[in-house]
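Here is what each chain is made of, one letter per residue.
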Amino acid sequence: MNRFRQPSVLPGFGLTFGFTMFYLSAIVLIPLIALVLKAGTMPWSEFLDVVFHPRSVASYRLSFGTSLLAAGINSVFGFVVAWTLVRYEFPGRKIIDALIDMPFALPTAVSGIALTAIFAKNGWIGRYLEPLGIEVAYTWIGITVALTLIGLPFVVRSLQPALQEVQSDLEDAAETLGAGKFYIFRRIILPTVTPALLTGFALAFARAVGEYGSVIFIAGNLPMKTEITPLLIVIRLEEFDYLAAAALGFVMLVISFVMLLGINLLQAWGRRWMVAGGR
Amino acid sequence: MSITLDQVTKRYQGVPVVNDVSLDVREGEFFVLLGPSGSGKSTLLRAIAGLTGVDHGRISLHGRDVTNVAARRRGVGLVFQNYALFRHMTVAENIEFALRVRRVRAHERRERRKELLRLVALEGLDDRLPTQLSGGQQQRIAVARALAHKPEVLLLDEPFGALDAKIREELRRTIRQVQRELKISTVLVTHDQQEAFALADRIGVMNLGRLLESAEPDELYARPATRFVATFLGAANLLLARQTADGISFGAAPVDARGVEKVDSGREREVVAVLRPEEAEIAPTPEALSSPFIARGTVDEIAFTGAHERIRIRLTDGAAAHLIGPDGSADSGVLEVSRSQHEQRNFAVVPGEQVAIGMRRVHVLPTPLSSFTACGVTAAGAERLSGHPFLVDLAARMKTRIAVRVEAALDGASIGSTASGGHSLGVAVLRAGPKVVAQLEWLFHRGAAEALVLPAPRTAPQRVLIHWLDRAARRGTLAVAASLLRHVSAEAVYFGIIPAETTGAARSLGMRTLLDARSEAQAVHGLEMRTELRFGDIARELEAQLGTSRDQMLILGVSDLASLRERFGALLNSEAGWPILIVYRPHDVVRRE
Numbered sequence: 000m001n002r003f004r005q006p007s008v009l010p011g012f013g014l015t016f017g018f019t020m021f022y023l024s025a026i027v028l029i030p031l032i033a034l035v036l037k038a039g040t041m042p043w044s045e046f047l048d049v050v051f052h053p054r055s056v057a058s059y060r061l062s063f064g065t066s067l068l069a070a071g072i073n074s075v076f077g078f079v080v081a082w083t084l085v086r087y088e089f090p091g092r093k094i095i096d097a098l099i100d101m102p103f104a105l106p107t108a109v110s111g112i113a114l115t116a117i118f119a120k121n122g123w124i125g126r127y128l129e130p131l132g133i134e135v136a137y138t139w140i141g142i143t144v145a146l147t148l149i150g151l152p153f154v155v156r157s158l159q160p161a162l163q164e165v166q167s168d169l170e171d172a173a174e175t176l177g178a179g180k181f182y183i184f185r186r187i188i189l190p191t192v193t194p195a196l197l198t199g200f201a202l203a204f205a206r207a208v209g210e211y212g213s214v215i216f217i218a219g220n221l222p223m224k225t226e227i228t229p230l231l232i233v234i235r236l237e238e239f240d241y242l243a244a245a246a247l248g249f250v251m252l253v254i255s256f257v258m259l260l261g262i263n264l265l266q267a268w269g270r271r272w273m274v275a276g277g278r
Numbered sequence: 000m001s002i003t004l005d006q007v008t009k010r011y012q013g014v015p016v017v018n019d020v021s022l023d024v025r026e027g028e029f030f031v032l033l034g035p036s037g038s039g040k041s042t043l044l045r046a047i048a049g050l051t052g053v054d055h056g057r058i059s060l061h062g063r064d065v066t067n068v069a070a071r072r073r074g075v076g077l078v079f080q081n082y083a084l085f086r087h088m089t090v091a092e093n094i095e096f097a098l099r100v101r102r103v104r105a106h107e108r109r110e111r112r113k114e115l116l117r118l119v120a121l122e123g124l125d126d127r128l129p130t131q132l133s134g135g136q137q138q139r140i141a142v143a144r145a146l147a148h149k150p151e152v153l154l155l156d157e158p159f160g161a162l163d164a165k166i167r168e169e170l171r172r173t174i175r176q177v178q179r180e181l182k183i184s185t186v187l188v189t190h191d192q193q194e195a196f197a198l199a200d201r202i203g204v205m206n207l208g209r210l211l212e213s214a215e216p217d218e219l220y221a222r223p224a225t226r227f228v229a230t231f232l233g234a235a236n237l238l239l240a241r242q243t244a245d246g247i248s249f250g251a252a253p254v255d256a257r258g259v260e261k262v263d264s265g266r267e268r269e270v271v272a273v274l275r276p277e278e279a280e281i282a283p284t285p286e287a288l289s290s291p292f293i294a295r296g297t298v299d300e301i302a303f304t305g306a307h308e309r310i311r312i313r314l315t316d317g318a319a320a321h322l323i324g325p326d327g328s329a330d331s332g333v334l335e336v337s338r339s340q341h342e343q344r345n346f347a348v349v350p351g352e353q354v355a356i357g358m359r360r361v362h363v364l365p366t367p368l369s370s371f372t373a374c375g376v377t378a379a380g381a382e383r384l385s386g387h388p389f390l391v392d393l394a395a396r397m398k399t400r401i402a403v404r405v406e407a408a409l410d411g412a413s414i415g416s417t418a419s420g421g422h423s424l425g426v427a428v429l430r431a432g433p434k435v436v437a438q439l440e441w442l443f444h445r446g447a448a449e450a451l452v453l454p455a456p457r458t459a460p461q462r463v464l465i466h467w468l469d470r471a472a473r474r475g476t477l478a479v480a481a482s483l484l485r486h487v488s489a490e491a492v493y494f495g496i497i498p499a500e501t502t503g504a505a506r507s508l509g510m511r512t513l514l515d516a517r518s519e520a521q522a523v524h525g526l527e528m529r530t531e532l533r534f535g536d537i538a539r540e541l542e543a544q545l546g547t548s549r550d551q552m553l554i555l556g557v558s559d560l561a562s563l564r565e566r567f568g569a570l571l572n573s574e575a576g577w578p579i580l581i582v583y584r585p586h587d588v589v590r591r592e
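Line by line, the protein sequences give chains A and B. Take the first sequence: its letter number 98 is residue 97 in numbering that gives the first Met the number 0, and every next letter is one higher. Take the second sequence: its letter number 262 is residue 261 in numbering that gives the first Met the number 0, and every next letter is one higher.
Derived SDA-like pairs (lysine to any residue); straight-line CA-CA distance at most 20 Å:
hint, chain 1, residue 1, chain 2, residue 2
1, A, Lys180, A, Glu170
2, A, Lys180, B, Gly74
3, A, Lys180, B, Arg72
4, B, Lys398, B, Pro388
5, B, Lys165, B, Gln176
6, A, Lys120, A, Val109
7, A, Lys180, B, Gly52
8, A, Lys180, B, Arg71
9, A, Lys180, B, Asn67
10, A, Lys180, A, Asp168
11, A, Lys180, B, Met88
12, A, Lys93, A, Phe76
13, A, Lys180, B, Val68
14, B, Lys149, B, Leu118
15, B, Lys113, B, Leu170
16, B, Lys149, A, Gly179
17, A, Lys180, B, Arg86
18, A, Lys180, B, His148
19, A, Lys180, B, Arg99
20, B, Lys113, B, Ala91
21, A, Lys180, B, Ala69
22, A, Lys120, A, Glu134
23, A, Lys180, B, Arg101
24, A, Lys180, B, Arg102
Just the calculated beta-carbon pair ranges, DEER-fashion:
hint, chain 1, residue 1, chain 2, residue 2, range
25, A, Leu128, B, Asp126, 50 to 58 Å
26, B, Ala543, A, Met101, 51 to 59 Å
27, A, Gly17, B, Lys113, 54 to 62 Å
28, A, Lys180, B, Ala543, 42 to 50 Å
29, A, Val79, B, Val14, 32 to 40 Å
30, A, Gly11, B, Val14, 55 to 63 Å
31, A, Lys180, B, Glu122, 33 to 41 Å
32, A, Arg92, B, Gly37, 20 to 28 Å
The hints are simulated quantities; they were obtained by calculation from the structure and are not laboratory data. Predicted model, so just to flag it, every value in this text is computed and none were measured. Note that CB positions come from ideal geometry on N, CA and C, so glycine has one too.
Using the sequences plus the hints, can you model the full thing?
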């Protein structure tokens, strides 16, 4: 273990590493292992039945589909928000900056109910969308809206420091070299903030997959149509079918892990020029 | 001309950071813009590059007016202090950036890249990422990148700022070599005078947004025109001296005119003399000096710096009174001398030793404003005036001193008593009030040439109005205005005023006078000023102009005291008025000049 040891202000590597492992185990690893073990007690055929039941498959699709879509929407518009907050000075900037964090603080059920009220057919916004044939509440669109709301701060907060770091000198240099605004954005700004954008995307996605509180109010929860996997798990629990719930949880765990691992690898690849040379 | 700036002004929130700068950079010239931080030099460079717009004035590159042309279409290469390399691109991609933007073919890009890498002596690093290179190498890549599209001018913004001394020197040599090889017109911005000397064909010194002087390095060092340039370029001792027909003198000690350059004015007056530390000589006795003796002193401190020895000598026998300290104070009384190894061997000194000081060469600044003398009837009054915020601020900016003079005669001053009592104490300063006109007359009759009348406390002006009542005072007024405006970041406006009832022919004559004034200010005094024409009564028009804003001052040239009393008596008397600097150039003196 000696070769891992590095000088640091915190007490010895042994102590801090031990604490880290204990902490992670108690909070993250042990519950997850319990979940896997629970699912493992199921007979294989029964497990497959639960996991590939059409209702389950529909819920995965909905959960991961809307989460990906919401994280994607946030990546685009969160970028615009972060850009505005970093690059421009305007009255009320600090207040808007503080508002970004509101979805963090609000109980998710509250935001779910609020969104439902607004997007229902007689709600403030819903009533204008209905004539256009767009139904938001109680459809997958509503779920996406809810997930977008809760994911926004992750993208904005990840991007802000990165955007601050893009020195205006880089843009000036590109400009004197003959590049136009769009070219500068595409070739200089975007590549520089891509790792941060991926982080934001991953965080927003992870949060959306696990989201429960706000979605159940706006989703309508029709099996096969607007039923997300976390809800299905709760339904199984309420039926005292712990094994099925554990199996579904295990599937979510695997898919989430694979996706986050993928994003992390992509990030590591995108960052190689940042860490190269020890800067 | 490869770069031509014509009266370029840039303001931030109303404050000019680049103030009426006009400049010509010749074809293939290496021009260095030198100035302290905040002097506007970087802003000016960015304006040339097109990254900052200008509020006034024109910029041309090789005869093409680019004032309103976007940076990317100006064809300039810019190098930044922090390299500003694209970190997610390899060296090759960085250098080829400008070519890729221009859709140059791959093999041409590669050839150009190889050529540039050879030029900056970094062949073979094509595939490295910027973060894998040292600071010096990164800056070389930045230079190569800036040259890729064959720009017409190369602009360098403190390119060595982030590098250590040794690498700095190496890179300096490379840049000079590249510049010579390509014969590209180059502007480099720096605050380091050694760098400027090492690189420049010509140096322009900036302060407070103004381009004070530009000349070849040796010329600028030997014959600066302003206090600022004299002290900013190397060390300089500033001395107040009296200039007479046959030389200059410090107090009672006249100095042989041999070491003094000819200065055009024949009028006896106080001047500011620049004595470089290496032009001062020390010896055990005045007789042992090989140059004219100026003062005695005690060795205060000796510092060995390798090739040279720096000695600080405290002047004795009252000679200290002639020395202007680095902050304008008089009480430092310490003269700086530097000697070569050879001189040290001939006459070794130790701290505390008495020495005689001589000057081999001294340069007299052409500035008409040497120092200020607060004049009052009582000691308390004069003291109070010498602490006037406007005066203190101005003296600090000009790095000069404020003396105090108590003159009981000022109380009952009348023109009748014209007994001569030579005044050569620089600018006389008076408090505005009912007696001020009579006091001015008294002082001017006694040889004063400039007087500043101060009303209630006021801070540095934003706008300086210039006017002269008589053509005879024109030259002196412009010289004073130019000298003053080098030290305050205000805008200068000359007001030509013609009586309202004037007819067509006289009007066009007035117009011509106005334009002549502007070109003379620019050509002879290096002063960029705006001009405005007004019709009506002179005093009333000027007062109306002053009335538009509190933070203004007036420079008024007169050659006839009667007209001063008649026309400006009311304005000068007012306690709530504006600071007025009166430049008095009587006809007979003008003729002698």
